[in-house]
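Q: Residue strings, one per chain:
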Amino acid sequence: MKKRHQQKLVVLSLLLLLALNLPIVLLFDSSESFLGFPIIYIYIFSAWLFSVLMSWIVVQRYYE
Amino acid sequence: MNSAVLLLILLGYLGILFFIAHWAEKKENVKWTNNSYVYSLSLAVYCTAWTYYGSIGVAANSGLSYLPIYIGPIIIIPAWIIILKKIIRISRVNKISSIADFISLRYGNSRFLGAIVTVVCLAGILPYIALQLKAISETFHIVTKTNSSSYIFDDTTTYVAVALALFASYYGTRYVDASEKRKGIVTAVALESILKLVFFLIIGIYVTFFVFDGYEDIYAKASLLENFKEKNTIGGLEQGLNWFFLSMVSLFAIFLLPRQFQMSVVENNRERHIKTAIWLFPLYLLLFNLFVYPIAWGGNVLFEGKNVNADTYSLLIPQFFDNKILTVLVFLGGFSAAISMIVVSSISLSTMLSNNLLIPYSFLGKLRNEEQTINNKKIVNIRKIGIFSLIIGAYFIYRFFALDYSLVSIGLISFVIIAQLAPAFFGAIFWRRGSRMGAIYGILIGFVICVYTLLLPYAIGLTNNESSFVSEGFQKIALLKPFQLFGLDYLQPVPHALFWSMLFNSLTYFAVSVSFKGNYRERNYAEMYVDIDKYSTNHENAFVWKGTAYTRDIEKVLIRFLGEERTKRAMNIFNVKYNVDKNQELADARLVKFAENLLTGHIGTASARILISSVVKEEKITLPEVLKILEESKENITINKKLTETSNQLQKITSELQKANETLVRKDVQKDEFLDTVTHELRTPITAIRAASEILHDDDEIPEELRKQFLQNIISESDRLNRLIDKILDLEKFETGKQTIHPTQNDIIATIENSIEPLQQLIKNKNISVYVESKDQILAFYDEDRIIQVITNLLSNAIKFCPETEGLITIQVKKKENFIETSVQDNGKGINPNDFDVIFDKFYQASNQNFKKPVGSGLGLAICKQIIEHHKGKIWVESSIKGACIVFTLPVKNIEN
Chain A
94 MKKRHQQKLV VLSLLLLLAL NLPIVLLFDS SESFLGFPII YIYIFSAWLF
144 SVLMSWIVVQ RYYE
Chain B
205 MNSAVLLLIL LGYLGILFFI AHWAEKKENV KWTNNSYVYS LSLAVYCTAW
255 TYYGSIGVAA NSGLSYLPIY IGPIIIIPAW IIILKKIIRI SRVNKISSIA
305 DFISLRYGNS RFLGAIVTVV CLAGILPYIA LQLKAISETF HIVTKTNSSS
355 YIFDDTTTYV AVALALFASY YGTRYVDASE KRKGIVTAVA LESILKLVFF
405 LIIGIYVTFF VFDGYEDIYA KASLLENFKE KNTIGGLEQG LNWFFLSMVS
455 LFAIFLLPRQ FQMSVVENNR ERHIKTAIWL FPLYLLLFNL FVYPIAWGGN
505 VLFEGKNVNA DTYSLLIPQF FDNKILTVLV FLGGFSAAIS MIVVSSISLS
555 TMLSNNLLIP YSFLGKLRNE EQTINNKKIV NIRKIGIFSL IIGAYFIYRF
605 FALDYSLVSI GLISFVIIAQ LAPAFFGAIF WRRGSRMGAI YGILIGFVIC
655 VYTLLLPYAI GLTNNESSFV SEGFQKIALL KPFQLFGLDY LQPVPHALFW
705 SMLFNSLTYF AVSVSFKGNY RERNYAEMYV DIDKYSTNHE NAFVWKGTAY
755 TRDIEKVLIR FLGEERTKRA MNIFNVKYNV DKNQELADAR LVKFAENLLT
805 GHIGTASARI LISSVVKEEK ITLPEVLKIL EESKENITIN KKLTETSNQL
855 QKITSELQKA NETLVRKDVQ KDEFLDTVTH ELRTPITAIR AASEILHDDD
905 EIPEELRKQF LQNIISESDR LNRLIDKILD LEKFETGKQT IHPTQNDIIA
955 TIENSIEPLQ QLIKNKNISV YVESKDQILA FYDEDRIIQV ITNLLSNAIK
1005 FCPETEGLIT IQVKKKENFI ETSVQDNGKG INPNDFDVIF DKFYQASNQN
1055 FKKPVGSGLG LAICKQIIEH HKGKIWVESS IKGACIVFTL PVKNIEN
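In the order they appear, the protein sequences are chains A and B. Counting from 1 along the first sequence, just add 93 to a position and that's the residue number in the numbering used here. Counting from 1 along the second sequence, just add 204 to a position and that's the residue number in the numbering used here.
Note that these hints are calculated values from the structure, not bench results. The beta-carbon is built from N, C-alpha and C at its ideal position, and this holds for glycine as well. Wrong hints could be hidden among the right ones.
In silico EDC-like pairs for lysine to aspartate or glutamate, Cα to Cα no more than 20 Å straight-line [unchecked claim]:
(1) B:433 <-> A:122
(2) B:433 <-> A:157
(3) A:96 <-> B:735
(4) A:95 <-> B:475
(5) A:95 <-> B:737
(6) A:95 <-> B:951
(7) A:96 <-> B:475
(8) B:290 <-> A:157
(9) B:1097 <-> B:921
(10) B:425 <-> A:157
Simulated coverage check for chain A against chain B, where a stretch passes if three residues somewhere in it have a Cβ under 8 Å from a Cβ of chain B [what the hints assert, rightly or not]:
(11) 105 to 118
(12) 126 to 135
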């Protein structure tokens, strides 16, 4: 895998570090229901799923 | 459920695991055991009984704070592509078999540091194993609805622990070399990872959709409960800080926990397995967390007001509805989660215990003088006993200290203790200047703070409730309150301990590292670790060592541990790899490092160095010297790289030149041939003319008739000469691009008829029938005069080769999408398939019909080809059953546009 593509994954790590910690995570800090889940759960699980998808796309495309 | 039945089920389950582990060790099953999915699933040893039961307890009792344990790994896993890859490479080339090896080798192969790391790991992990046994035992009693017996030998779970200890000690020590891959264990763990996830999903679906009516139903009922809002939000800045520290501690844990290091690094067969793990492992963790909230709050709704342990909701709910099968399945899932943690942790701890503590500090002297078989047996036995006593020891911790805390709190304490290795560990791979003293003092100070702020208060809490230590501090000094050290009072105990211990740990590590000079060996390994990409193929070169050593002495040591045969094989590999004469008496730095590596897997890095240095005489080198040598070897590597690049370039240029040369030579030959043929062709008519003129000149008495005949000959030969020269000029114009064509829109059928017209006489003479298929108008873009030239040429060839009787020529025009295809077919003798390509060459016929006087110039088809190609069309010979068939295409649209 080329260095440039590896760095895409490192940037993803940094994004997750920001998205899943304060102060950003506190913006979604609510127990109101969305599809039966408190909103904070929905937010965290979506960010989580996003990271799985992004990692999958990057390694499928660029890992040689 | 009856205890005996459940015990039987458990034993059957363990039996299956034994079988799987045994099956996976076989070579022929390697396709199933050595793949990236097994690797990714084996990483899920991270999910223990703590995940399986404890998360639900936290979600039900205190809220979201179980999530950061997964958030940390999720954050860092994408970066594995760089960090984990680096760790795996370093460990592979140095034959590292545990995290203690990894850290101690980097800091100058320090025996003391290895021992400290081992002790820290033991202190952190042993209670954690105890916790898993507690989970097994408690859930066993819930499923069987019995109470744990106070007499230890009456309690069935004791026997479960013993069976586990036997399983782990048998399969964990199949190889003397601890850096060998344990396929059996890995496969069994991967299978357990699938089982625990599936069983957890089943109970999740059961609770959400069968007990309740979907997520909305749970939400509607749960939101009426007390404190629902507080427990389903993070809740403000202070809690956000707790959240941050917890996610950091789990981020460290995913690298540092001995069982994670074992699975992700030591048991890694191929670097590229990371590719799958990077997305599959987070996905696994996500699936595991989807149903925690519904089960926890479903349980809260069902058991509101009853005094039950929320950790065990996943068992109590199916039991509440009397669903026995589901209860047992959930129990088995939890059992899987617990035993994979117990087995892998005890294996890695016992490797550390033997390789980094027991052998270097006590057994080494005994091992040194024994025979190989005895040595191997001893080493394996040390580890076997190690694994067994670790598990049994953990069981006693659980029984005698009657761990009263919930699963999560003890798990987190062990995370914080293990996190003390983080500065030394990450410094090892990214910071050259990190030093041994810095690492040692950092870890020690961090560990002491952990003991003061976490272990002591918890231990006191277990034994003596009246102590004022927690509430008032040591010696009643308020600033020294273990949970509010230096007055920091807004963090929870675990994040609080993490903050202070990591702060002092890393400050010490950095401060000591920059203040005192390390020794040359540390710096040597620092270069090797940080720049592993440069050294991964020939890392022995990166080892700086000066002194005298004899190959024979080193071999002797190796034989003691590897045996005669393996030593010989290893020496051969070394000699071939570095092109060393096998009778070389003096050993160099590379052999010293190579021998240390061979021993490392058996007895650990520290002992390997002690053993080798006992038979060699090392001279001290100064730090600058080490740096100089490393610099040189690095330069050599870059120079080598540049040289290879340049030589590659040269090679490319040479091959290009060669090709160009070949083309030139071929063209030269072609030109010569062409000149030869042209002269030959020109000479034939000239000879005829000359002969006729000579006769006319010399003989005045030739009869009038004959004289006319001769003059006629001279005229026709001159014509032929003229035509030939015209054609050569024509061809030359086309080839040099001086000839231009002027395409207009024309009807090809009309053009064909125009071409046939002048040949009518010839056709009649030979009695040939000519058919033009398709009488409609077909339009195309071309230069009509030129195409008439082509068709005439093809027709006269066809006429020439048609048989004397029943000659037949068929002209066919087909319209395709962007072009039209015209074919001229005769029923003559046909063209040899070998000549399909060459007939368009100049003078083709001259070389092929030498038995007969050439008919025609031999340039006709070459000119046709040039004309067609100038129209951007193609011309070729099509194979046909009888006769020759030549096809050409012309564009339908103007080629200029």
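Q: Work down the list of hints and note, for each, if the structure agrees.
A: Now the hints, each set against the structure:
For the hint linking residue 433 of chain B to residue 122 of chain A, the alpha-carbon distance of about 10 Å falls within 20 Å, and the restraint holds. A threshold of 20 Å between alpha carbons decides the hint, and for residue 433 of chain B with residue 157 of chain A the separation of about 48 Å lies outside it, so the pair is violated. Under the criterion of a C-alpha separation no larger than 20 Å, the hint pairing residue 96 of chain A with residue 735 of chain B is consistent with the structure, at around 15 Å. Between the alpha carbons of residue 95 of chain A and residue 475 of chain B the distance comes to roughly 15 Å, so the proposed pair stays at or under 20 Å and holds.
Annotation: proposed proximity of residue 95 of chain A to residue 737 of chain B holds, straight-line Cα distance about 13 Å (limit 20 Å). With a C-alpha separation of about 58 Å, the suggested pairing of residue 95 of chain A with residue 951 of chain B is violated against the 20 Å cut-off. This hinted pair checks out: residue 96 of chain A and residue 475 of chain B have alpha carbons roughly 16 Å apart, not beyond 20 Å. Proposed proximity of residue 290 of chain B and residue 157 of chain A is supported: the alpha carbons are some 17 Å apart, at most 20 Å.
A hinted pair counts as satisfied when its Cα atoms are at most 20 Å apart, and residue 1097 of chain B with residue 921 of chain B does not qualify at roughly 42 Å. The hinted pair formed by residue 425 of chain B and residue 157 of chain A fails the criterion: a straight-line CA distance of about 51 Å is larger than 20 Å. For a cut-off of 8 Å, the count of residues in the stretch 105 to 118 of chain A with a CB near a CB of chain B stands at 9, and the three-residue condition holds. Coverage of the stretch 126 to 135 of chain A by chain B holds in this model, with 7 residues showing a Cβ closer than 8 Å to a Cβ of that chain against a need of three.
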